[in-house]
Amino acid sequence: MLKEAVDERKKLIQGLRGKPWAMKKKLVTLRESQEFVDKYEGALGKGKGRKLYAYKVMMTKKWMKFKRDFENFKTACIPWEMKIKEIESHFGSSVASYFIFLRWMYGINMILFCLTFGLVMVPEALMGRPYGTIPRKTVPRAEAPSAMDFAVLWDFGGYAQYSVLFYGYYNNQRAIGWLKFRMPLSYFLVGVGTVAYSYMVVIRTMARNANESGVGDDNSFNFSWKMFTSWDYLIGNPETADNKFASITTIFKEAILEEQESRKDDNIHLTRFLRVLANFLVLCCLAGSGYLIYFVVRRSQKFALDGLENHTWWERNEVNMVMSLLGMFCPMLFDVISALENYHPRVALQWQLGRIFALFLGNLYTFIIALMDEINLKREEENIVKFNITTWEASHYNISASENSTSPPVTIQPADVPRGPCWETMVGQEFVRLIISDTMTTYITLLIGDFLRAVLVRFLNYCWCWDLEAGFPSYSEFDVSGNVLGLIFNQGMIWMGAFYAPCLPALNLLRLHVSMYLQCWAVMCCNVPQERVFKASGSNNFYMAMLLVILFLSTLPAIYTIVTIPPSFDCGPFSGKKRMFDVIQETLESDFPAWFSKVFSSASNPGLVLPFILLMVLAIYYLQSTSKSYKEANVDLKKKLQTQNEENKKKNKLAALKAQMDLEEARKAASPSAEHQKNNNASPDQEADEEEDRGRSQRMYHSKNGRSPPPHRHYGQLPATRAPVPRNYPHGNQGSAGYLPSFPRENEARMHRVPSLQRH
Amino acid sequence: MGNKQTIFTAQQLDSYQDCTYFTRKEILRLFDRYRDLAPQLVPLDYTCQPDVKLPYELIGSMPELKDNPFRQRIAEVFSDDGEGNMTLDDFLDMFSVMSEMAPRDLKAYYAFKIYDFNNDDFLCKSDLEKTLNKLTRNELTEDEVRMVCEKVIDESDLDNDGRLSLEDFQTMIVRAPDFLSTFHIRI
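Residue numbers (UniProt numbering), protein chains in the order written: chain A, 1 to 760; chain B, 1 to 187.
Please note that the accuracy of each hint is not assured.
[To be verified] Derived pair list, reagent style DSBU-like, types lysine-lysine, alpha-carbon separation capped at 30 angstroms:
#	chain 1	residue 1	chain 2	residue 2
1	B	K113	A	K85
2	A	K628	A	K651
3	B	K25	A	K11
4	A	K651	B	K125
[As the list claims (entries may be wrong)] Partner residues are not named here, just some residues of chain A that face chain B (Cβ under 10 angstroms, in silico):
#	residue
5	K19
6	L27
7	D69
8	N72
9	I84
10	W231
11	P238
12	E259
13	S481
14	N483
15	E632
16	A633
17	N634
18	L637
19	K640
Keep in mind that the hints were calculated from the coordinates and are not lab data.
C-beta atoms are modelled at their ideal positions from N, C-alpha and C, and glycine is treated no differently.
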């Protein structure tokens, strides 16, 4: 009994923040509850387990304190809070949502960086064999003179290529250093772990957003939502506030217009034809860009065969430049084409996002297909090189054998050993180059498109014929969706290439860091707040869903190459194995006790695996069908609720009409007594006349049924005069057991208020 | 960290942390913001719990609030005397409810209070009209205003008494996708 009271008090203390009480009341309640708990907690500990109980209590208190300190520490660690706040107050929450997304991505990349840096790059750098000791770690003799050139380093060749930054540097020794660090195993597991961690984080965030966003597109509260949720409380800047007022007015006017008129579909055939035409044009654009990329990649392969030195800078970087330029200009083209379609702006935004998504996806996959071609080329080259090496070695031993056996065997410089083409390093390099050129393009577009434009508009305005700031070109707005898509695709490329170039997460971290500062500055300096603020509502989960799709699509090529293509024979941690995942097998055999590998090999018996897969498929099917049936039940209940509400409304209307008729009769019958009743029930009437009449008739009705106080007065003994009583919870002073009227408690509230109405 | 500050006792800070959604550092930062509004009125030592109230004009001039059309109502709802004059407790309470961490139900309760201009625990037609006019700065015609208010009552009034009660409002607002992100002040 006492224990329950103490527990209840403890729960109250925990939930005190969420209570809609005045701060004074909360503080007083807190103090009382704490005194109560302290007093009686000691009393509970009488008897046998007293010491243990006291110890438990003390540990709980210490744990709460630790959790609180940890929370404090965590919030102190969140970076850029003030920056984002400034942007929010100037531009509203939709622009700020991009920066919040950027910060979240930064967090993910930080973890990926820690994994790759700590478990892959650092062990190899510290405990692996140093540079120059084995062939794979040395710059070949032919490339040595130019290995330090800036141009070569910028292209990630030379010394940059033969370093921990790329796959090819890593040695396939099973255990390195005094720690016996299993390098190949760690490399493989980190690769798998980064993908797994990313999946986990994205899905967890999606689930959390799905819980909060509630029901999706419910049109039943259209005007109410517009009235109560359109003002953005984050705005702290007069210009933005002006824009927001204007945008709200426009939204209301549009909504009113839609309500009043029926849709004028004045030329539906023309509209349809134009929309089909627009989609056709877009498809042509997409096909064209795909072909262009393919063509350019084949051309670059030709250039590579010729030897890269013979070509200009443009020809060498053609692929990356073309991809970046396409990513810049095609969305603008899509924007122009969508003017043909004449959709509602929100729908048009979704189409635009979808098309840009398709564009980036197409480009990425064309790039990957071209890359696969190159990989196959390199593998054929590898076979030739292997053959050459055997002849070269044979000739070498012949030479050394022909000399006298007294001379020591000639040691071969690692730089002289003929090297196989390392296709994995090549893939890593391609991705790194792509990311760098993408970053450069973004920054340069930012500087030219936003900054230069703003400077021109501001200064040329003094000597130009028309008002540059109001008309064309004016200042640019911040393109939230375009930037978010760019960020998502950038991350996709990181996920794709991280296995072959462990330096990619580090590079991305740097890039995001710089982006944050650069874009924050650019937004505050060169952009104006958006005139029409459209949030693709529920857009948080929309972007997360895209991120998930990109994550899935980017890990596919990496998984394909890991599973099907044999690793290069002379570079990387898996060299010499038939498949990259053989490292797991090797670890199981050599590092784990014998029974472990027996268990595993028996577990991988097809007789066990197939039924297991079947069981999982059945479980998925079962869960799917139950979830479908729950959804249907949900829809049914909603419909029932709605019809019930409508019926209630009808009943109430009838009752109100009936009451009014009765009132009329009563009034006619006895006018002096009616007047007397009117005086009794009048409250301060600040409301409109009709309102008062309706309310009065209801009150009369209530008083007829014996419930004397009008519903107005029922709550918490409010005085009849209009004294300021700001925070009086409707259900009056129920002491500390008051609850917020959230959904489950609604019934209770309803019962209080309308029993009379339900009685008939 | 550590108890280097002398503004509050440790127990006061802990109580504030229990009663709001803020961490220790944020509470101290908020105290600095409060004090910056009127350094001569607010003492540096709150251990003796002085009774200091800042007038509404100072609160309404904060950069977070000065462009908000509902700032007066916000201050009135959270102030003790209902006039907008806030003590430090009210100040902390206000920003705690408006912060990111407050749950939907709590925010809905206070949103209802804010939009209830005449404090009669119902959103009647005049409340809705005032809200709409503040939102559009009186740009809509009378007919349009009337139409919108009627639509709102039509949509959300479930017990059909011509005005929105707290339950009606909450049923409507918890489904709104934008509510949590717009009813939010970052400080």
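Hint check:
Restraint check for K113 of chain B and K85 of chain A: satisfied, since their Cα atoms lie roughly 26 angstroms apart, inside the 30 angstroms limit. A C-alpha spacing of about 35 angstroms is found between K628 of chain A and K651 of chain A, which places the hinted pair above 30 angstroms, so the restraint is violated. For the proposed pair K25 of chain B and K11 of chain A, the alpha carbon gap of about 25 angstroms is at most 30 angstroms, so the pair holds. Proximity of K651 of chain A to K125 of chain B is assessed by CA-CA distance (about 22 angstroms); at most 30 angstroms being required, the pair is judged to hold.
A distance limit of 10 angstroms between C-beta atoms decides the matter here; for K19 of chain A the minimum to chain B is near 8 angstroms, and the interface restraint holds. The restraint placing L27 of chain A at the interface with chain B holds, with a minimum CB-CB distance near 6 angstroms, inside the 10 angstroms limit. The interface hint given for D69 of chain A holds, since its Cβ lies 7 angstroms from the closest Cβ of chain B, which is under the 10 angstroms cut-off. The restraint placing N72 of chain A at the interface with chain B holds, with a minimum CB-CB distance near 4 angstroms, inside the 10 angstroms limit.
Contact between I84 of chain A and chain B, as hinted, is supported at the beta carbon level, the nearest pair being about 8 angstroms apart and thus within 10 angstroms. Contact between W231 of chain A and chain B, as hinted, is supported at the beta carbon level, the nearest pair being about 6 angstroms apart and thus within 10 angstroms. Below 10 angstroms, beta-carbon pairs count as interface contacts, and P238 of chain A has one with chain B at about 6 angstroms; its hint therefore holds. This hint holds: E259 of chain A has a C-beta 7 angstroms from the nearest C-beta of chain B, less than the 10 angstroms allowed.
A cut of 10 angstroms between beta carbons decides the hint on S481 of chain A: the least distance to chain B is about 17 angstroms, and the hint is violated. Interface hint status for N483 of chain A: violated, as the beta-carbon distance to the closest one in chain B is roughly 18 angstroms, over 10 angstroms. The interface hint given for E632 of chain A is broken, as the beta carbon of that residue sits about 20 angstroms from the closest beta carbon of chain B, more than 10 angstroms. Because the closest C-beta pair between A633 of chain A and chain B is about 19 angstroms apart, greater than 10 angstroms, the hint is violated.
The beta carbon of N634 of chain A comes no nearer than 14 angstroms to any beta carbon in chain B, farther than 10 angstroms, and the hint placing it at the interface is violated. A cut of 10 angstroms between beta carbons decides the hint on L637 of chain A: the least distance to chain B is about 14 angstroms, and the hint is violated. Hint status for K640 of chain A: violated, given a least beta-carbon distance of 14 angstroms to chain B, over 10 angstroms.
Of the numbered hints given earlier, the model fails hints 2, 13, 14, 15, 16, 17, 18, 19; all others are met.
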